[in-house]
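As you go down the protein sequences, you meet chains A and B in turn. When you read off a place in the first sequence, starting at 1, and then add 74, the result is the number in the working numbering. When you read off a place in the second sequence, starting at 1, and then add 741, the result is the number in the working numbering.
No lab work stands behind these hints, which were simulated from the structure alone. All C-beta atoms, glycine included, are put in the ideal place defined by N, C-alpha and C. You may find that some hints are simply not true.
Unchecked claim - If you want the footprint, here are the derived chain A segments under chain B, 3+ residues with CB under 8 Å:
hint, stretch
1, 142-156
2, 182-190
3, 200-213
What the hints assert, rightly or not - Within a straight-line C-alpha distance of at most 25 Å, the following computed BS3-like cross-link-like pairs (lysine-lysine) qualify:
hint, chain 1, residue 1, chain 2, residue 2
4, B, Lys1007, A, Lys86
5, A, Lys180, B, Lys850
6, A, Lys148, B, Lys866
Said to hold, decoys possible - Here are the computed distance ranges between Cβ atoms for each label pair:
hint, chain 1, residue 1, chain 2, residue 2, range
7, B, Trp1039, A, Asn76, 20 to 28 Å
8, A, Gly174, B, Asp897, 15 to 23 Å
9, B, Pro981, A, Ile185, 18 to 26 Å
10, B, Val969, A, Gly229, 43 to 51 Å
11, B, Gln883, A, Gly174, 17 to 25 Å
12, B, Ile1022, A, Ile185, 42 to 50 Å
13, B, Trp1039, A, Ile187, 27 to 35 Å
14, A, Ile187, B, Met767, 47 to 55 Å
15, B, Asp897, A, Ile187, 16 to 24 Å
16, A, Thr137, B, Gln883, 22 to 30 Å
17, B, Ile1031, A, Asn76, 34 to 42 Å
Read off the chains here:
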Amino acid sequence: MNLKHVGILLGKEFLHGPKNYIFVMAIVMPIVISLLFSLLLGTFFTGVPKLGIADEGSSQLVTMFKQQASISTKEYGTATELKQAVESGAVDMGIVLPDGFDSSVKQGKKIEITAYTWGESLAKNRIILGVTIANLVRELTGQEAPVDIETIILGDEISIPWSDRLLPLIVLMAIFLGGLMLQQHH
Amino acid sequence: MNRRIIGALIGKDLSLFFRNRFFALMTFLGLIFYLVFYFLMPSSVDETLKVGLYAPVMPPGFEQIWEEGLEIEVVETEEALKEAVTEGQYIAGVVFPADMMEKFMSGQKPKINLYFAADTPAEIKDAITTVIRELAYLQTGQALAIEVSEEILGPDMLGMQIPPRDRLRPLLAVLLIIFETLGLANLITEEVERGTIQALLVTPMSINHLFVAKGVTGVSLAFGQGIVFMAIAGGMSRQPLIILTALLLGGVLATGAGFLIASLGKDFMTVLAWGILVFIILAIPSVGIILPGAVTGWVKAIPSYYLIDTVYQAASFGAGWGEIWQNLLILLGFDIALVWIGIMALGRKAR
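Bound-form chain A, shown alone (with noise of 0.2 Å):
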């Protein structure tokens, strides 16, 4: 086995399989694929919430947003920035927290913050996003929850969803695309 010969036809190969439509068909059927598969599957509009910060201060609210699994933070430098990105649907909700207002919500006073959204935002996200702005405050103020919840997960075995199902079938048709480029230079 000599590497240099090796090397200069994997070399070959890389040079010449761009040139190729089906090297194209092999990066980009793959993609398209799984694209098509979450799109029919409705999975690919259903993502996590997305909240959107203008910091005008040090809020220690920033860090226990992006500590959330149930939403994705978002930070941006200005007010502007934020509502720009919200009006472009980039996210679902935004807030400014102004200078002080961890101090000032921690003495008691009240604040009045602006939750700019998104309008085609869907109500369920709205919905997530408003109780969690809302609990987090509580929790920086020092509320304790009135109740002990309880998860329980019914079901014995973990099912799997459709999506991650057919993620075996998507990579075994990149292989198999990919193999195609190999044949197609022989």
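Could you slot chain B onto chain A? The hints should help.
Okay, now just chain B, sitting in the frame of chain A:
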């Protein structure tokens, strides 16, 4: 301009186009595939969190704190609730203890059980837990240190969300149009390759006749497919005239791009290589519809943005001439520029 010559050339072009099995098949199969794909996609948007509740004693005023987006259905027994959650009828099942109010009164913490199906994603579990906890805060009358006022940016689509398939409908129509770029480019390249164009140019036919015929063929194929798709998928119900105008301009755009690709291509394979590149570039603005906010202002430099945005705004939101005339004007400008560049490049090659 001799109409008879142009008519004969269009007839020849259409016949040659459908003689190529790949493009003939792709034209019909593509249309059928997009239509099947459209009708298989979800036709509605479920924007509520549907939760089942078993409460032996319903806390007073609890129904009044339910918010829009949260649908709570009361179930008669805990067993029925568990069964409904397992069957996927509810995203979660909530069980309030019988002594909940007494515990609240005595300052104790009642225990709430939350049932989830095994395949419920972690983020949904967290979200529902947060929702229930917040409902408990509200139930016990604990004040929040902030007052949140809501400002909606853009048209408020609450309760009338665009289903995923309708969101993608304009996009699929535009992709069909863009794909025709490849067919037209291949048609021209084949003629250059076989010397048909040079042979035609020694007849009374002028180069202008040739471009007009190719242009009409390209626009007809692209525009025709776009209309058929939109009509079958129900995309003509709102602002049909605007959509027709946009699709027509889209057809011209595809034709201009086809001329340009044909001037670069030498055979079927090079047409396909350049065509896929152009197809990908022209399809980029659609990412903005599939993933809102994913693309920034630079996407407006791509001509197809004005086509995709116009069809989307008109078909999904009923945007009128006053709102999208600028889009159409810019698209027309791009069309003229692209067709002119394509004709210049192709003319040089044909001569």
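Return the numbers of the hints above that this structure violates; sort them in rising order. 7, 8, 9 and 17
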